[in-house]
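Asker: From first to last, the protein sequence lines stand for chains A and B. Residue numbers for the first sequence follow our numbering, so the first one is 1 and each next one is one higher. Residue numbers for the second sequence follow our numbering, so the first one is 1 and each next one is one higher.
Check the hints yourself; a few may be wrong.
[Claimed, not checked] Here are the simulated DMTMM-like cross-link-like pairs (lysine to aspartate or glutamate), alpha carbons at most 20 Å apart as the crow flies:
1) A:K68 x B:D96
2) B:K260 x A:D340
3) B:K276 x B:D154
4) B:K252 x A:E166
5) A:K281 x B:D96
6) B:K361 x B:D382
7) B:K76 x B:D95
8) B:K310 x B:E119
9) A:K281 x B:D347
10) B:K239 x A:D340
11) B:K84 x B:E53
12) A:K281 x B:D382
13) B:K63 x B:D46
14) B:K186 x B:D225
15) B:K212 x B:E240
16) B:K401 x A:E166
17) B:K310 x B:D60
18) B:K136 x B:D162
19) A:K86 x B:D382
20) A:K281 x B:D386
21) B:K76 x B:D96
22) B:K371 x B:D154
By construction, these hints were calculated from the structure, which means they are not laboratory data.
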Amino acid sequence: MAVTSKAAPAAVATTAADDKPPNKYRQALPQYTAVAPFFILFAIFGAFPVLFSIWISFHSWDGIGQMKWVGLEQYHYLLTDATFWKTIGNTLIIWVLSTVPMLLLALVIANALHNATRLRTFYRIAYFVPNVTSVVAITLVFGSIFSNNFGLLNAFLQSIGLGKVEWLTSPWGIKIAIATIVTWRWVGYNAIIYLAGLQAISADVYEAAKVDGASPRQTFWRITVPMLRPVILFTAVTSTIGGLQIFTESRVLFGDTSSIGGPGDAGLTIVSYLYQSAFIKNQFGYGAAIGWALFVLIVLFSIINWRLIGGNDEERLTRRAARRVERRIAAQNAKKEAADVR
Amino acid sequence: MTLSRRKFLAAGTAAAAAGLTGCGSVGSLGGKNELSMWTWVGSVNDGLIGQAEKAIPGYDGMKLAMTRIGSNYKTKVLTALAGKSLVPDIVAINDDVATYFPNADQFHDLYELGAKDLEQDFLPWKWKWGVTPQGKMMAYPMDTGPTALFYRTDIFTKAGIDIDPAAVAGLAPDWDTFIALGKKLKQAVPGSSITDNITSIYGYRMAQLPKKYMTKEGQYIGDQDHVRQSFDLAVRVVKEGLSANAQNSTDKNAVVTNGKLVAYNGAVWWAQLGPKNAAPKTKGLWRVTAAPGGAGNKGGSFLAITKYCKNPQAAFALISWLESAKNQAQAFLDPVLFPSTPASYTDSRLSAPDPFFGGQKIVDVFADSAKKYPGAYFSPYDSIIDTPIGAELVNIEASGKNPDQAWADAQHQVQRELSRVGAI
Chain A
1 MAVTSKAAPA
11 AVATTAADDK
21 PPNKYRQALP
31 QYTAVAPFFI
41 LFAIFGAFPV
51 LFSIWISFHS
61 WDGIGQMKWV
71 GLEQYHYLLT
81 DATFWKTIGN
91 TLIIWVLSTV
101 PMLLLALVIA
111 NALHNATRLR
121 TFYRIAYFVP
131 NVTSVVAITL
141 VFGSIFSNNF
151 GLLNAFLQSI
161 GLGKVEWLTS
171 PWGIKIAIAT
181 IVTWRWVGYN
191 AIIYLAGLQA
201 ISADVYEAAK
211 VDGASPRQTF
221 WRITVPMLRP
231 VILFTAVTST
241 IGGLQIFTES
251 RVLFGDTSSI
261 GGPGDAGLTI
271 VSYLYQSAFI
281 KNQFGYGAAI
291 GWALFVLIVL
301 FSIINWRLIG
311 GNDEERLTRR
321 AARRVERRIA
331 AQNAKKEAAD
341 VR
Chain B
1 MTLSRRKFLA
11 AGTAAAAAGL
21 TGCGSVGSLG
31 GKNELSMWTW
41 VGSVNDGLIG
51 QAEKAIPGYD
61 GMKLAMTRIG
71 SNYKTKVLTA
81 LAGKSLVPDI
91 VAINDDVATY
101 FPNADQFHDL
111 YELGAKDLEQ
121 DFLPWKWKWG
131 VTPQGKMMAY
141 PMDTGPTALF
151 YRTDIFTKAG
161 IDIDPAAVAG
171 LAPDWDTFIA
181 LGKKLKQAVP
191 GSSITDNITS
201 IYGYRMAQLP
211 KKYMTKEGQY
221 IGDQDHVRQS
231 FDLAVRVVKE
241 GLSANAQNST
251 DKNAVVTNGK
261 LVAYNGAVWW
271 AQLGPKNAAP
281 KTKGLWRVTA
291 APGGAGNKGG
301 SFLAITKYCK
311 NPQAAFALIS
321 WLESAKNQAQ
331 AFLDPVLFPS
341 TPASYTDSRL
351 SAPDPFFGGQ
361 KIVDVFADSA
371 KKYPGAYFSP
381 YDSIIDTPIG
391 AELVNIEASG
401 KNPDQAWADA
411 QHQVQRELSR
421 VGAI
């Protein structure tokens, strides 16, 4: 690339007194140009689809023909759609069934990894491997494990005389199967994040605990867990967002047909319903409306998580202490009153 | 021209913008002397496509560029059509062809390209399915899916039933006698089933009827007796314990492999997808005969020429050549597509005895079914109606839902969905 004569002696030109004051925007242009590709790509592939989906959600559109303006009709239908509410229920149940055991298990695994003395790297990799495996492949494997008539799990249950469970046709079986896949896939990932958090905790604290004679259990609950709270918050929020978007597992388990949620739609999650509405039934307006409902839900749950696990520590502690005192006084008063009545 | 920095940036930005918006590529996909075609895997004969990829018959300058779309075929076609650029010249369409009718303006009228002259070569009901209610021919027939009764001779022998196809057809001419036959089989060989699941019975019963869910005038008839009777029949088969309750594909294959499924009302393509793939060891044990309740059809596909096509005449020459009686006979050999051209049925390639079916000439059974099929009107809303009904049937079989409640729930859901899309 040729360099123009004007730009080349720029360094020399600073000494020349006859130059006009530099144009602020021209000066900043190279920097803006340098960062522009991201913003241009983001505008096209990030911002535009988001805004467009709002636009679509006010229309009835089958993907090819003319869009028809229907105003808030899609949202109105959404709120009275029993299937939609069912998918929210399904998603929340699957989310709880997967996230709670997953985070507890991850914490235990992280603690074990932290204290492991031999083969540390091997274990870390071993726990992380499920996360990098293709979710479709995982689901196909789990599909044959959970399969009703000829699944490995049922074969095992029958061999020890427990009878078989209709994993892929009964409402709870489906949810447990999906939750298991999610847990298996993400437990290692969260464990590694916890491990990073654990290693950031100063050894002094543990030594002090040891000197004070704390048992391992006490150390875990009184030191490790509170010190990890920001990390736990992070994993809880990401798991919430991930959990509300569960899709692939149920889709691969139940195939590419119109019944992507399995029998009785018991495995139909919000995102599967979005996919089914938009891309199987070709109701793009309704699909977009579901997407925005999901957005609202995710915001809501992130706030709840933040409240439950995170927030300002000191304020929480003092408020909790205040509440405890209040409760104690109330209890005493109640007791006194009861005694007076007698 | 000296390349200044400004010019360089301007050119780069313009190129990037052009690349991102895809301008300069409006219209159809592929080179000037190429016709692009999209189908899903296993919908055309590879040998014929190979010939067309060298030269399109009658159009020496043109050749075919074929793409086999793996999954989500329909979504990809709709996306291409919605994008209005890089649209394939020819697309394959499944038996949900009527769902494209509201957008028939996206396709060429094949009558204008000379389809009228070829009409008498095809099964009349099949031809009609590609024509919109306004009389525009939107889709050209490919294969069909005539139905028949598949059954296992070894199990029938154990139950003391004559295994001759004509005798079996005589024993079970309608669904009542077929259920009685199923009970007899179950007594002789415990665990025997006559269907993989409840939706199969319902679907194949509906596929025999001369009407479906809507009238041509757009009236909803999915709540009438013919649908309710099919619904009740499916429930009855389950209540009699004659369904294998196999809801997913793993289980569906399993009941074929382990011999639980001893008789099955299926379409012609099931021979390949079912026993031949899932249970190759049962070779020679299967036979086919006329289905209880009459001739039926399930499945089958079409080809359509999009309005973006660069050379509609050549495209029509290609599809009419590909779907000629002679070439459809070849497509039956691989990948087992049943011709929509009756002239193919006497072709020696079809009428060869099939060793998997004990040397039976199975084409006769299916040809008979294809010719006798009454043909029902397919509306653009059939899949919208079919989904809730099927889902409720599964609820009955998988979780023991009360059939009357299931029927009421299905109808309620159908009404809601239809009023949303403005069909009623």
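Asker: Indicate, hint by hint, whether the structure satisfies it.
Answerer: Now for the hints, and whether the structure bears them out:
| no. | hint | in the structure |
| --- | --- | --- |
| 1 | A:K68 x B:D96 | 23 Å, violated |
| 2 | B:K260 x A:D340 | 76 Å, violated |
| 3 | B:K276 x B:D154 | 16 Å, holds |
| 4 | B:K252 x A:E166 | 15 Å, holds |
| 5 | A:K281 x B:D96 | 12 Å, holds |
| 6 | B:K361 x B:D382 | 34 Å, violated |
| 7 | B:K76 x B:D95 | 17 Å, holds |
| 8 | B:K310 x B:E119 | 25 Å, violated |
| 9 | A:K281 x B:D347 | 40 Å, violated |
| 10 | B:K239 x A:D340 | 67 Å, violated |
| 11 | B:K84 x B:E53 | 25 Å, violated |
| 12 | A:K281 x B:D382 | 11 Å, holds |
| 13 | B:K63 x B:D46 | 15 Å, holds |
| 14 | B:K186 x B:D225 | 30 Å, violated |
| 15 | B:K212 x B:E240 | 26 Å, violated |
| 16 | B:K401 x A:E166 | 16 Å, holds |
| 17 | B:K310 x B:D60 | 16 Å, holds |
| 18 | B:K136 x B:D162 | 49 Å, violated |
| 19 | A:K86 x B:D382 | 24 Å, violated |
| 20 | A:K281 x B:D386 | 12 Å, holds |
| 21 | B:K76 x B:D96 | 15 Å, holds |
| 22 | B:K371 x B:D154 | 30 Å, violated |
Of the numbered hints stated above, those contradicted by the structure are hints 1, 2, 6, 8, 9, 10, 11, 14, 15, 18, 19 and 22, listed in ascending order.
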